[in-house]
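These protein sequences, in sequence, are chains A and B. Heads up: the first sequence begins at 304 in the working numbering, then just goes up one per residue. Heads up: the second sequence begins at 13 in the working numbering, then just goes up one per residue.
Hints were generated in silico from the structure; no laboratory data involved. Computed from a predicted model, the values in this text were never measured in an experiment. Hints may be right or wrong, so weigh each one.
Below, simulated DSSO-like cross-link-like pairs (lysine-lysine); rule was C-alpha separation at most 27 Å, straight line [said to hold, decoys possible]:
1. K226(B) to K25(B)
2. K226(B) to K100(B)
3. K343(A) to K100(B)
4. K25(B) to K343(A)
5. K129(B) to K25(B)
Chain B side only, calculated, beta carbon under 8 Å to chain A, not exhaustive [said to hold, decoys possible]:
6. T59
7. G64
8. S66
9. I72
10. I112
11. S115
12. L121
13. V122
14. T123
15. W127
16. K129
17. V232
18. V239
19. V251
20. R252
21. V255
C-beta: ideal position from N, C-alpha, C; glycine also.
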Amino acid sequence: MNLSEFLHMGGYAFYVWTSYAIALLILLVNIVMPLRQRRKVLTDIARAARRARRET
Amino acid sequence: MFNNFFHKLASPKYFYRISGALIPWLAGASLLLFLAGLYYGLVEAPTDYQQGDSYRIMFIHVPAAWMSLFIYMVMAGAGAIGLVWRIKLAEVIAISSAPIGASFTFLALVTGSIWGKPMWGTWWVWDARLTSELILLFLYLGVIALHGAIEDRRTAARAVAILALVGVINIPIIHYSVEWWNTLHQGPTVTKFDKPSIHISMLIPLLLMALAFKLYYAFVVLMRARVEVLERERSAGWVRELVETK
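Isolated chain B (complex conformation):
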């Protein structure tokens, strides 16, 4: 029964229908979480005793940076599934993730830079964390460019999956860069094994924003994937029906 369900879900037609029904709920939940996160992050959370109010950039910067890594892993994972099992939907999810991941990486870099100016006295340093995150942006852009350069969609998907998989090596480098090398960038305060060294009043908005970003990614990746499915299936009967009833 489960097998059957996944087969159906992986078929473009069912995916198109189910994702269409899911998007408004994901979008609504994401919006609510953003509003709650903004309220607790900008209004309720106290001023930091060292960084003043500049630390509130964290509520954007940290979720964006987490998502830049998470989306990369989704992209590489979906790419691998597409490569091994030839599931079209996995290819679609992989390539639809790339521009979103690139935009979050860009956001993490820019907000980090804006935060760095008042705190470190510089917009940019060539240290391990910042450089490896910049390489991540180039990996995303490489994936997008490679996909655009190959005419045949399935060949493009395979090439993109291989590039994405090779780039996975960068992910642990980004994560551990603050421990392996000396850097201006502060160490992890949430994702370490003992108790997080961040106060609960700041942790709650951070987690709300992180969850909001995650649901946001879920609904925008589905939006992109639906368009990609339409393009790929343009000669299928159900797409023609869809166009004609519109």
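With the rest of the complex left out, here is chain A:
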């Protein structure tokens, strides 16, 4: 089996590769979202701590 045959997927290329692309996208989003959320929470907490120190 050569590469173009592989990519052709017996004529179902559009359906097969769209499915796999959407799956990859969803898997990546599920990793990126908590990473971003984590950075946001940590900066929030740090900012609140700095503010609390200034006030005392």
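Given the structure of chain A, go ahead and fit chain B onto it with the hints provided.
Chain B alone, transformed into the frame defined by chain A:
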């Protein structure tokens, strides 16, 4: 001794540390299984004699659908534990599971639709399997919305647990829908009691992908749970130390 271990594990601080150490291993194992599953599923597995190569969508669709049910049961189970024993960590796991479960349900529906077009000639039919899976997506979205609508985190967790538990009724309906009602959707080929009616060359990549999805869920739910723990414990001493040393 075991009791002690679980008490420690359920404390946010230890959970944060242990889960942090666990995540890279789970992520690595999941990645390896995905690569193996993709290789055997897309390259090694033969073309299906009825469906041609379109059946390879199965290696995404079926694990995603299994996970949509599995994660729901984890969410409802953890919610119930949180409700009965007031274990904070169980509440955290329950709410952290919801968006992941929703995304897998969405993936199962979309890949099913993409698979349905060339095989059934339609993107969508309102039959029992598809409709009950769509209801599952709405249950997940309901859980997320309800949690977001209630300010107090512990009240939110209790409300969410009750909603999730009521929704459990949908799980056997989804599972048995292909047997109870006439449907375009094919019956089970793996999870039936006699021998699976799927050839070993297709079963192996399917199981590899299913295991990969399961480990993937394990590490992303821990990632989410850690963020949730940080937010809940923001005034605790260990969180402040953590922020300051960063």
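Outcome of the hint check:
1. K226(B) to K25(B): Holds, at roughly 25 Å.
2. K226(B) to K100(B): Cα-Cα ~23 Å, so holds.
3. K343(A) to K100(B): Judged against 27 Å, a Cα distance of about 22 Å means the pair holds.
4. K25(B) to K343(A): With Cα atoms ~20 Å apart, K25(B) and K343(A) stay inside 27 Å; holds.
5. K129(B) to K25(B): violated (49 Å)
6. T59: With a closest approach of 6 Å, the T59(B) hint holds.
7. G64: Given a least distance of 4 Å, the restraint on G64(B) holds.
8. S66: holds (4 Å)
9. I72: This hint holds: I72(B) lies near chain A, its Cβ roughly 5 Å from the closest one there, short of 8 Å.
10. I112: holds (6 Å)
11. S115: holds (5 Å)
12. L121: violated (11 Å)
13. V122: holds (6 Å)
14. T123: holds (4 Å)
15. W127: holds (7 Å)
16. K129: holds (7 Å)
17. V232: The hint holds - V232(B) has a Cβ within 8 Å of chain A, the shortest such distance being about 5 Å.
18. V239: holds (5 Å)
19. V251: Holds, about 6 Å.
20. R252: holds (6 Å)
21. V255: holds (5 Å)
Taken one by one, the earlier hints fail for this structure at numbers 5, 12, listed in ascending order.
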